[in-house]
Amino acid sequence: MTELPSIAPSADAISLPKRLRAPEVVAVLEDLHRRAGDGPLTLDFGAVEEFDSSTLAFLHYVRGRSARLTMINIREDLARAEKGFLHWPCPEEPEGAPPASRLARSFTTVAERYMRQGRSMGRFLTMLGDEVYHLGGYLRERKGVYPGEIWNQLFFMGYRSFPIVSLLLFLVGVTISITSANQLKIFGAQVYLADLIGYAMLRELVPLMVGVILAGKVGAAVTAELASMTVLEEVDALKTMGVVPERFLMVPRLVAITQAVPLLVALADVVGIMGGIVVARVMFQMTPTAFLTEMVTSVDWTDFAWGLVKTVVFGWAVVVGAGFKGFTVGRSAEEVGRATTESVVLSVTMIIIIDCIFAFVLY
Amino acid sequence: MDIISGRELTVGYGEVPVLCDLTFGIPAGQITAIVGVSGSGKSTLLKTLAGLLPPLAGGFDFAGRAIDYRSESSLSFLYDKIGVLYQGGALLNGLDLYENVALPIRMRYPEMPEDMVRDMVHASLAQVELADSSEKFPAELSGGMVKRGGLARALVLDPDLVFCDEPSSGLDPITSHRLDDLLLHLRETFRMTLVVVTHELRSIERVADRVLLIDGGGLRFNGEYREMLASEDPFIQTFLLRKDRHDDA
Chain A
1 MTELPSIAPS ADAISLPKRL RAPEVVAVLE DLHRRAGDGP LTLDFGAVEE
51 FDSSTLAFLH YVRGRSARLT MINIREDLAR AEKGFLHWPC PEEPEGAPPA
101 SRLARSFTTV AERYMRQGRS MGRFLTMLGD EVYHLGGYLR ERKGVYPGEI
151 WNQLFFMGYR SFPIVSLLLF LVGVTISITS ANQLKIFGAQ VYLADLIGYA
201 MLRELVPLMV GVILAGKVGA AVTAELASMT VLEEVDALKT MGVVPERFLM
251 VPRLVAITQA VPLLVALADV VGIMGGIVVA RVMFQMTPTA FLTEMVTSVD
301 WTDFAWGLVK TVVFGWAVVV GAGFKGFTVG RSAEEVGRAT TESVVLSVTM
351 IIIIDCIFAF VLY
Chain B
1 MDIISGRELT VGYGEVPVLC DLTFGIPAGQ ITAIVGVSGS GKSTLLKTLA
51 GLLPPLAGGF DFAGRAIDYR SESSLSFLYD KIGVLYQGGA LLNGLDLYEN
101 VALPIRMRYP EMPEDMVRDM VHASLAQVEL ADSSEKFPAE LSGGMVKRGG
151 LARALVLDPD LVFCDEPSSG LDPITSHRLD DLLLHLRETF RMTLVVVTHE
201 LRSIERVADR VLLIDGGGLR FNGEYREMLA SEDPFIQTFL LRKDRHDDA
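Note that the protein sequences, when read in sequence, are chains A and B. Quick note on our numbering: the first sequence kicks off at 1 and runs consecutively. Quick note on our numbering: the second sequence kicks off at 1 and runs consecutively.
One thing to keep in mind: the hints can contain errors.
To be verified - Calculated cross-link-like contacts (lysine-lysine; reagent style BS3-like; alpha-carbon spacing at most 25 Å): (1) Lys136(B) / Lys239(A); (2) Lys143(A) / Lys239(A); (3) Lys217(A) / Lys81(B).
It is worth saying that the hints were derived from the structure and are not from the lab.
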């Protein structure tokens, strides 16, 4: 290495340490800030042997900012490294239109968001149409779906959902009964607990709760699976095998949810009403027979049927929403988690909107 | 004769072009390597040629027929004649290796007797030396086995052309060498056309008859590998020497 001529440091020189890496650079910068009001300063690099990119950035920083600082005794290897460091300059801000005002930027951001949502809604509706077409095609031709996949999905969506649906709907039945019983007692109308529970369970609570459980359990699983397949190029692989992924992956799930929902609704209706029977027995000493006799005076099979129809529609919304989020995921693993969360939010939102529409139509 | 002919093909994502105005031919019965530095658009071009990403402009012919992305029958024609080995194998995790390889047969010819399916799957698995692992699931296979499984699936219906996206990536030199041998075997034995996307120089050197070198959003070189070796283009020389472009700047 060529020896550089050494410049004798002046009295106000800061002699930099032998090791000048990030921690030392930070300490030197603090020292320089403390001396901000002082006169000219000299930084003596003569002793510096160990350096890293923060040292090079420090050199560049000091050179560009202060005329009162003089740097001396910079070794040849350090100078060469700095030259190499500056070989990759920071990208300059692109020249373009002058920055818009904050109000205009906010407006643009909101407008862009709504346009994105609008495009997303369009893609969702297109997918819904595609799924109806593919389901019709499958029912006509019985082709394009992996043999046995419908049974696998039915097992997962139906059988595996029985325990959680039973537990939650029983607890909902108990909770609603206790809450209502206290109010009914005030008016001496305890006997109407059976009517209330029967009507609420069959028409509203069972469809809504089963829909929400499906959104959390089935919807999240469908999105996670499809999104992983998209990220891992398995969906692309299906396409190049001549398989239509929207049929191959979605039709078994749609058929399975259509078959699983009636079973889940029937179970949920039974356990929810059982919750009411238990509360009526404990709080009002009403026998199960009396409860059921009273209940059937106000509810009939149409209430069960409408509850069933609603839940099937919710199930479809969950599966199509989950499939939409799964297929439209990006290419990174991080997006799988985000898509799964968005899928649950989308499904629950759709369930509540559809339920509201049903309420207008039915009541 | 060219099995694929690109006509002023522009490929990219959304409205952003990655490669512009590519005019090229991929001859039948040879191994063509699509090479270039990382991020140059090799895989994007492969996706377009494999019927997965519509071109932004221009188009390409496959076996003399123009491929129209808006036509389901045109894409079906393309899919019927190609197989694709994906970078990560892309085997379906829910199916064992046997079922993964059988999948294209079951989907395209559901009426085919199971005995025939079994024979075809075992022949394909034997070709990639995986006949003993047919009952294993993808999660139980090594990286090299997954890739060979993916290749077995791509080959099971004897396509006219097989696309291989980075077949050597993530593999040790021995496994990579064996995979290259397999590609050469397919070309020699079945006169199969292979399009290999790679930046592995050793692999290019061993298997490629022709090279499409991509750089700066276009084609830098399109010709035989030995012509590429003789090229005096500084970029090609740098590429062949595995030197970074900045060294010469």
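Status of each hint after checking the structure:
no., hint, verdict
1, Lys136(B) / Lys239(A), "holds, 24 Å"
2, Lys143(A) / Lys239(A), "holds, 15 Å"
3, Lys217(A) / Lys81(B), "violated, 40 Å"
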